[in-house]
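Student: Here is how the chains run, residue by residue.
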Amino acid sequence: MSIDVPFATSGTTGDPVTWFRTQDQLAAETHLLAELVGTVEQVVSFAPPHHLYGRLFGVELPRLLGVDVVPAWDDPLTLPTLATDVLIVCVPSTWSLLRRHLPTLAERRVVATHSTARTTLSCYDVAAALPGLAGIELLGSTETGAVATRRIDPVERHQTEWTLLPDVDQVADPDRLHVRGPRIGRRHDMARPPGSWLMPDLITPTGPRTFRHLGRAGRLVKVNGKRCDLSAIESLVRVTAQVEVECVPVVDQIRGEHYDLYYTSETLTPADIRTRLAEVRGDNPAPRLVHRMELLPSR
Amino acid sequence: MTEESLRTRLRTVLTTRLGEGFAGVPDDADLRDALGDGYDSLTAMECITAVEEEFGVEVDMVADDVRHWFGSVDRMLTFVGDRLEDAAVLGGPR
Chain E
1 MSIDVPFATS
11 GTTGDPVTWF
21 RTQDQLAAET
31 HLLAELVGTV
41 EQVVSFAPPH
51 HLYGRLFGVE
61 LPRLLGVDVV
71 PAWDDPLTLP
81 TLATDVLIVC
91 VPSTWSLLRR
101 HLPTLAERRV
111 VATHSTARTT
121 LSCYDVAAAL
131 PGLAGIELLG
141 STETGAVATR
151 RIDPVERHQT
161 EWTLLPDVDQ
171 VADPDRLHVR
181 GPRIGRRHDM
191 ARPPGSWLMP
201 DLITPTGPRT
211 FRHLGRAGRL
221 VKVNGKRCDL
231 SAIESLVRVT
241 AQVEVECVPV
251 VDQIRGEHYD
261 LYYTSETLTP
271 ADIRTRLAEV
281 RGDNPAPRLV
291 HRMELLPSR
Chain P
300 MTEESLRTRL
310 RTVLTTRLGE
320 GFAGVPDDAD
330 LRDALGDGYD
340 SLTAMECITA
350 VEEEFGVEVD
360 MVADDVRHWF
370 GSVDRMLTFV
380 GDRLEDAAVL
390 GGPR
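Protein chains in written order, with the numbering used here: chain E, 1 to 299; chain P, 300 to 393.
Next up, chain E with everything else stripped away, as it sits in the complex (with noise of 0.2 Å):
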């Protein structure tokens, strides 16, 4: 009997919600993902594998291809030895690692994957330094799993399409990606996967299967892939500061997207509020900056 593997996420309205993969489920992704890197000798992944880029990167593709995986997603700030056929998988903050060694991966085959948020300027540095890197970037949800892909490219950037993989489909929907298909997930208070799924992505579509991404809905960000609803936040801080709160999301070149947290307070430091909000925010990200205003900026 097959055990479907739990994955959980922060969901859209930032309470946490898990989804199963079944293992033929994470077999066929593994597979489509095989066919984009090639061979390797080597994985070091900076995905953590609790989540399922990481697991699919980091533990499913070695597996397949039999290869050893070095895990580095507990330090961002080493790159570990590298072989000389490589695949690194990144998440945001990867690159800026990754920029700081371009000499070393001169010297090697570097195939390097990119997902969970945006991309950063670092990126686009490294992919513009090493004119044989190849740059493969994924779009998806722990709820589909990978959708698209496109490759990194340093000119053409965040315009770059993005192709839809062979198993998903678009559902007619003009604005927003709305998929079907084999590897949909199956939410914990689901007896079945759904037959198609609404993310949060918008798009413009550009061919049958090609699209450019224009952003997302909703006041999600994802801090160096990490997902954080912002109404979520500033909720907990209403409850646990007794504070009028606003966060904002804003780019971050370290780790893609992040957000900068205002407040209006007589009494509370920003030291305070980032305390408070530490005993209650879970597994959500801590803000990037903290700013006591005496208005709100949206006031």
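What the hints contain is simulated information worked out from the structure, not anything from laboratory work.
In this text, all values refer to a predicted model and were calculated from it rather than measured experimentally.
There may be inaccurate statements among the hints.
Stated by the list, open to error - A short, non-exhaustive set of chain E residues, derived as facing chain P with CB atoms under 10 Å: (1) 78; (2) 79; (3) 101; (4) 103; (5) 142; (6) 252; (7) 253; (8) 260; (9) 271; (10) 286; (11) 288; (12) 292.
The C-beta atom is built at its ideal place from N, Cα and C for all residues, glycine as well.
Knowing the structure of chain E, use the given hints to seat chain P on it.
Tutor: Just chain P now, with coordinates in the frame of chain E:
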């Protein structure tokens, strides 16, 4: 450059990244203890990059013990001061 002007420049650079909560942090305080989750390893990386850009020094993430040297303002000052001194001796200060 005097140590005091170096200290002022360094604190200005760090304040830009660490926010107003950094203002009350003493120079000898451990930044991880003082700022909690406001100084995680990725924030340390941002501060390292900012210090490199501001002072024209280079930090080797492997050879330099970055967790030690970028753990407090005082230690950063020592690190940057030494690097600037080395650069001056070699004829390439900024």
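Student: State for each hint whether it applies.
Tutor: Evaluated hints:
1. 78: holds (7 Å)
2. 79: Holds: closest Cβ of chain P sits about 7 Å from residue 79 (chain E), inside 10 Å.
3. 101: This interface hint holds because 8 Å falls under the 10 Å limit.
4. 103: violated (12 Å)
5. 142: violated (22 Å)
6. 252: holds (9 Å)
7. 253: holds (8 Å)
8. 260: Status holds, d = 9 Å.
9. 271: Cβ of residue 271 (chain E) sits 5 Å from chain P, so the hint holds.
10. 286: holds (4 Å)
11. 288: holds (8 Å)
12. 292: holds (7 Å)
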